[in-house]
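Student: Starting from the known structure of chain U, fit chain S onto it as the hints suggest.
Here the protein sequences line up with chains U and S, keeping their order. Mapped onto our numbering, the consecutive letters of the first sequence carry residue numbers 5 to 172. Mapped onto our numbering, the consecutive letters of the second sequence carry residue numbers 3 to 188.
Just to be clear, a hint being listed does not mean it is correct.
So the derived label-pair ranges between C-beta atoms look like this [to be verified]:
| # | chain 1 | residue 1 | chain 2 | residue 2 | range |
| --- | --- | --- | --- | --- | --- |
| 1 | S | Gly127 | U | Gly151 | 39 to 49 Å |
| 2 | S | Glu143 | U | Pro14 | 46 to 56 Å |
| 3 | U | Gly127 | S | Thr135 | 53 to 63 Å |
| 4 | S | Thr94 | U | Lys70 | 28 to 38 Å |
| 5 | S | Glu122 | U | Asp107 | 24 to 34 Å |
| 6 | U | Lys121 | S | Leu47 | 45 to 55 Å |
| 7 | U | Glu117 | S | Glu92 | 41 to 51 Å |
A short list of chain U residues far from chain S (calculated; beta carbon distances all over 12 Å) [to be verified]:
| # | residue |
| --- | --- |
| 8 | Val21 |
| 9 | Asp29 |
| 10 | Asp31 |
| 11 | Leu34 |
| 12 | Asp41 |
| 13 | Ala45 |
| 14 | Gly58 |
| 15 | Leu61 |
| 16 | Ser69 |
| 17 | Asn86 |
| 18 | Ile89 |
| 19 | Thr90 |
| 20 | His92 |
| 21 | Glu117 |
| 22 | Ile132 |
Chain U side only, calculated, beta carbon under 7 Å to chain S, not exhaustive [stated by the list, open to error]:
| # | residue |
| --- | --- |
| 23 | Arg99 |
| 24 | Gly101 |
| 25 | Cys102 |
Simulated from the structure, these hints should not be mistaken for lab results. All C-beta atoms, glycine included, are put in the ideal place defined by N, C-alpha and C.
One-letter residues, chain by chain:
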Amino acid sequence: MPNQPILRYPHPVLKKVCNPVETIDADIHLLVVDLLDTMRAGPGSVGVAAPQIGVVLRVCVVDVSKNRHGKDNNHGLLCMINPEITAHAGAAITREGCMSVPDYTGDVERATEITVKFIESDGSRREINASGFEAIAIQHEMDHLDGILFLDRIISIKTGLFRRKSYQ
Amino acid sequence: MTQQPEILHYAVSVVGKDRPGIVAGIAEVLFRLGCNLADTSCTMLAGEFAMILIVSHPRPFSKSRLLDELKPVCDGMGMSLAMRTLHADEITRQETDDEICIISVYGADQPGIVYRVTRELAGRGVNIMDLNTKLIGSDEEPVYVMMLEAALPDGETPEGLEKLLENLKKELNVEIGVRVVTPVSF
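So that you can see chain U by itself, here it is in the shape it has in the complex (with noise of 0.2 Å):
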């Protein structure tokens, strides 16, 4: 089953919390391929979560190395299952698009670096530290298994500057 269609908003799966993978199982295996296939079918894209194929699960699949602000900061690709970020530091805006939620952009402030801990696909853990685009990225994927949205964390509609005015 490979490449699968993404999901938009209004769709209710992409507000759940999704629930922790048990065991990695034949069916965990198949997912991750479907993931790593939406996202290689995605132009440009960086990143997919499950329950933006449908699945309410904690897994996500991220690889920056072929963009052009993740390229020379990057550990490949990450198949994450059960993904937690125990450690942050940090703190960027970046304007933020999603494939769920197409034709709005807004400014999201994430940690620029962070720890996250995660079991791979062949059952192995994993602890990595990512900086810069790639953290931003995992960020935002690890949102959706909680059902958060870009949407959810926008933080200006209006240049900064302008936001803090008194008239006296």
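Tutor: Frame of chain U; chain S shown alone:
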């Protein structure tokens, strides 16, 4: 054979002294009429609240009817009202693969900052998508701040733009910066 009447859109602008309830007042009229609000942009400018709305109706709906309904409400709130008819072929989906940049310009206030900068941009085919300006600082030392968001045409780069504006920067003695904000899609 009868022709299907065209569904029109209306570009409506409403401006007046800011206070709570303006948006609700306008939105109530439109809701009551069964109008749809597509894209809108509303903001406060020096204590004035300025609304620009693209309004449509699922059935043919005349401009005069919309005007008749909005006018008394705007008059009641002391707000100006203007309206323009948009034909279906004027309603386009904004889609671009262009690089999007924020260009910041600021410095001692002086005549011509907006004109000189935007003329350079227009000359290179740079399309302004959003523009905010604000006069800040003190009466003695007024500072002008302009932020604009622009789509670069094919072949234009942020570096090229910065270089283009370099002369202007010196001439007007203002700071000019170009930053890429092209959205990243996940």
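Student: It remains to establish, for every hint, whether it holds in the given structure.
Tutor: Hints, one by one, checked against the model:
Our hint of 39 to 49 Å for Gly127(S) and Gly151(U) holds, since their Cβ atoms are close to 42 Å apart. Distance hint for Glu143(S) and Pro14(U): a CB-CB separation of about 51 Å, consistent with the stated range 46 to 56 Å. Under the hint 53 to 63 Å, the C-beta atoms of Gly127(U) and Thr135(S), about 58 Å apart, fit the expected range. Checked against the hint of 28 to 38 Å, the C-beta distance between Thr94(S) and Lys70(U) comes to roughly 31 Å, which is consistent with it.
Between Glu122(S) and Asp107(U) the beta carbon distance is about 30 Å. The supplied range of 24 to 34 Å therefore holds. Checking the proposed 45 to 55 Å range against Lys121(U) and Leu47(S) shows it holds: the Cβ atoms sit about 49 Å from each other. Between Glu117(U) and Glu92(S) the C-beta distance comes to about 47 Å, which sits within the given range of 41 to 51 Å. For Val21(U), the requirement that its beta carbon stay farther than 12 Å from each beta carbon of chain S is met, with the minimum near 19 Å.
Residue-level check passed: Asp29(U) sits 28 Å from the nearest beta carbon of chain S, beyond 12 Å. Taking the minimum C-beta to C-beta distance to chain S, about 25 Å, the non-interface status of Asp31(U) holds against the 12 Å cut. Residue-level check passed: Leu34(U) sits 23 Å from the nearest beta carbon of chain S, beyond 12 Å. Separation of Asp41(U) from chain S is adequate, the least Cβ-Cβ distance of about 17 Å exceeding the 12 Å criterion.
Against chain S, the non-interface label of Ala45(U) holds: every CB pair exceeds 12 Å, the least being about 14 Å. For Gly58(U), the requirement that its beta carbon stay farther than 12 Å from each beta carbon of chain S is met, with the minimum near 17 Å. For Leu61(U), the shortest C-beta to C-beta distance to chain S comes to about 18 Å, beyond the 12 Å cut-off, and the non-interface label holds. Chain S leaves Ser69(U) outside its interface by the beta-carbon criterion, the shortest separation being 15 Å against a cut-off of 12 Å.
In this structure Asn86(U) is separated from chain S by more than 12 Å, as the shortest Cβ-Cβ distance comes to about 20 Å. Non-interface status of Ile89(U) relative to chain S is upheld: no Cβ of that chain comes within 12 Å, the nearest being about 16 Å off. With a minimum CB-CB distance of about 22 Å to chain S, Thr90(U) clears the 12 Å threshold, and the non-interface call stands. Here His92(U) stays apart from chain S, with its beta-carbon at least about 18 Å from theirs, past the 12 Å limit.
Distance check for Glu117(U) against chain S: the nearest CB is about 18 Å away, which clears 12 Å, and the non-interface claim stands. Against chain S, the non-interface label of Ile132(U) holds: every CB pair exceeds 12 Å, the least being about 18 Å. A cut of 7 Å between beta carbons decides the hint on Arg99(U): the least distance to chain S is about 4 Å, and the hint holds. About 4 Å separates the beta-carbon of Gly101(U) from the nearest beta-carbon of chain S, less than 7 Å, and the hint is met.
A hinted interface residue such as Cys102(U) counts as satisfied when its beta carbon comes closer than 7 Å to some beta carbon of chain S; here the least separation is about 5 Å, so the hint holds.
When each numbered hint is compared with the structure, no violation occurs for any of them.
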